[in-house]
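J.: Spelled out, the chains give:
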Amino acid sequence: MRRTKIGAVRLEIDGLSVPKPGGTSTGRRSWLVREVSLSVRAGEIVGLAGLEGSGNSELLRGIFGAYGKLQEGKVAIDGERFDIHSPRRSVQQGLAYLTSDRKGTGLILGLGLAENITLASLKAVSPALWMIRSMEWKVANRHVRALGIRAADLWQEVATLSGGNQQKVALAKWIETRPGVLLLDEPTRGVDVGSKHEIYELMTQWTKDGFAILMITSEMPELLGLADRIVVMHRGRVTARFGRAEATQEKVLKAAMADEAV
Amino acid sequence: MNETPTADREILLNVREPRPDTEAVSGQKSVLRIAFERPWVRALAPLCFVLIIGAVFNAQGSFFKWGTHRDMLRQVSVYGILACGMTLVIITGGIDLAVGSILGVCAVIFSILSIHLGWSAWAAIPLVVLAGTTCGLLSGGMVARFRMQPFIATLAVMVFARGLAKWVSGGQKISSAVLNPDGSYKYVDLPRIFSALDHKILGENIAVVTLIFLACIGLCRVLLAKLRWGRYFYATGGNEEAARLSGIPIQGVKLLAYGMSGLLSAVAGICQAVQEQQGDPEAGSTYELSAIAIVVMGGTSLNGGRGGMLFTLVGAMTIGYLEKILSINAVGEASRLMLTGSIIVAAVLFQRVRK
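Chains F and W, in that order, give the protein sequences. Under our numbering, residues 51 to 312 are what the first sequence spells out, in order. Under our numbering, residues 9 to 363 are what the second sequence spells out, in order.
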């Protein structure tokens with residue numbers, strides 16, 4: 051049972067819409083995400099539920115700027131207006147986005163463990179543009195210890211690590227950027243049971259450190275067990291919101307399927 | 009009698025036990041295999057092979073003379089400079105077919121400026137380098153901004169730059185023989201920069217162009233291995249989407265890579281003009297292929313994200329020695345080309361022996 055002090059709002063989304071990329075020139079726009087509003091507070095884990103194609107992954111990508119600028123909707127981080135622009139700008143503003151496909155879009159498999167961990171925060175290990183290997187080693191070593199990553203050495207190619215350790219490397223990369231808000235898409239997909247548990251503990255620890263976490267998961271026990279609040283999406287829109295106490299598997303599933311009354 | 013089939017038991021154990029975190033299977037591999045998993049071993053093996061061939065077919069001992077090695081280094085330098093830029097582009101996951109044509113344009117412009125117009129080298133060289141960089145940035149812009157396939161974008165620049173070279177030169181070789189309006193030729197002196205660069209120094213032991221080549225290798229190595237942007241290069245070539253989502257400026261990376269390639273092509277163009285003592289609008293045709301061959305021979309992967317400048321240096325020496333050995337043994341051009349092609353294929357196949 052997690053018990054963490056919930057703090058101020060860190061991420062606030064108001065009426066955000068994500069259009070389908072490329073479909074703007076001809077006729078009506080179609081939308082991946084339509085007018086979604088939600089907020090995440092410091093120390094809170096908000097679960098974003100929904101079936102495949104509900105638009106929850108696209109919402110995270112949209113917030114992070116993976117689709118570039120978004121015209122409709124407002125986003126604020128720590129109370130300050132945030133203009134969605136590009137992943138690069140988002141990283142600088144304290145957003146972190148763990149993709150659901152760590153081999154395809156999360157890690158650079160041909161690079162080493164340390165190189166992947168420092169990838170999103172290279173400025174810290176290369177003051178004046180010059181890479182300092184010893185600083186990089188220290189950063190990587192700190193995370194390898196903190197997250198319990200098992201590897202032969204710090205320059206080992208991440209392609210040769212197990213799924214759980216790869217996922218921890220991807221998480222370490224984002225923790226090293228010291229983000230305010232973590233957007234996690236399926237943080238335990240393809241991870242063995244032991245590592246899964248360790249990742250839950252890490253997430254609990256991070257909320258204690260004041261991170262705000264917006265998490266997608268398709269595993270019901272994970273959703274019900276970790277999230278303080280649950281937002282359910284269907285066809286790009288929010289269909290239900292539950293507090294920790296009231297959420298049940300049936301309610302969430304029903305909202306995710308949305309036996310369309312409208 | 010204990011007939012427990014130990015092999016079977018091992019298989020069962022492997023099934024039951026959780027998969028090990030790292031591949032600790034090196035015990036089953038031969039020493040040779042382990043050695044060949046190291047990229048520098050894979051790069052050096054073809055070079056050693058070529059050197060052994062040279063030592064055997066030494067053309068009455070001429071392979072053992074320093075002059076042969078010096079000339080090899082001089083002859084491979086222009087290709088090597090192109091290969092430096094090519095390495096940068098290939099590591100970002102692209103390819104640059106325009107380097108040979110940019111070399112041609114730059115050789116022509118340099119010759120016109122310094123021979124015909126009598127510009128000093130201090131003015132001519134920066135302008136030529138600027139022209140080459142602009143051509144490179146043109147490719148880079150198309151690849152980065154408009155997301156064109158590198159093959160197509162640089163193919164277009166390759167054709168365009170060759171046309172530019174012919175237009176600027178009027179289709180003529182730009183040499184010290186200047187065509188007068190009445191059809192006769194007047195001869196002008198070659199500027200001093202030509203002899204200064206096409207020169208051997210340190211007691212005639214090394215050519216200036218070789219030093220330029222080595223300087224290019226060194227500079228690019230600093231960029232790739234020591235600077236933050238070098239890491240950006242590897243990340244972009246390794247997995248472009250993951251790099252973009254980690255906040256790496258992939259458009260800037262591509263612009264820089266193609267821009268650097270254009271800049272180095274200009275340097276190669278100046279070296280080529282100096283060696284030929286003229287600016288030939290056809291200079292550098294098919295040089296892009298030699299540059300790619302050098303990069304691949306060194307072991308840099310065409311998929312991007314892997315490789316390095318020192319591999320390219322080794323690759324340049326391998327190709328250089330190959331050509332030199334064939335030429336000192338007076339192998340005819342036809343068989344020389346066929347042999348070079350076959351040996352490149354053999355070397356690349358050989359290097360793929362992994363895992």
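Bear in mind the hints are in silico, worked out from the structure with no lab data behind them. Certain hints may be false.
Claimed, not checked - BS3-like mimics (lysine-lysine), calculated; alpha carbons at most 27 Å apart, straight line:
| id | chain 1 | residue 1 | chain 2 | residue 2 |
| --- | --- | --- | --- | --- |
| 1 | W | Lys234 | F | Lys188 |
| 2 | W | Lys234 | W | Lys73 |
| 3 | F | Lys304 | F | Lys258 |
| 4 | F | Lys70 | F | Lys55 |
| 5 | W | Lys234 | F | Lys173 |
| 6 | F | Lys119 | F | Lys188 |
J.: Compare the structure with each hint and give your call.
T.: Taking the hints in turn, this is what the structure says about them:
This hinted pair checks out: lysine 234/W and lysine 188/F have alpha carbons roughly 17 Å apart, not beyond 27 Å. Our distance criterion of 27 Å between C-alpha atoms is broken by lysine 234/W and lysine 73/W, whose separation comes to about 36 Å. Between lysine 304/F and lysine 258/F, the direct Cα distance comes to roughly 32 Å. Violation of the 27 Å bound is thereby established for this hinted pair. As the CA atoms of lysine 70/F and lysine 55/F are separated by approximately 38 Å, the hinted pair breaks the 27 Å bound.
Between lysine 234/W and lysine 173/F the CA atoms are separated by roughly 13 Å; this keeps the pair inside 27 Å, and the hint holds. At roughly 36 Å between alpha-carbon atoms, lysine 119/F and lysine 188/F are farther apart than 27 Å, so this suggested pair is violated.
The structure is inconsistent with the numbered hints 2, 3, 4, 6, although it conforms to all the rest.
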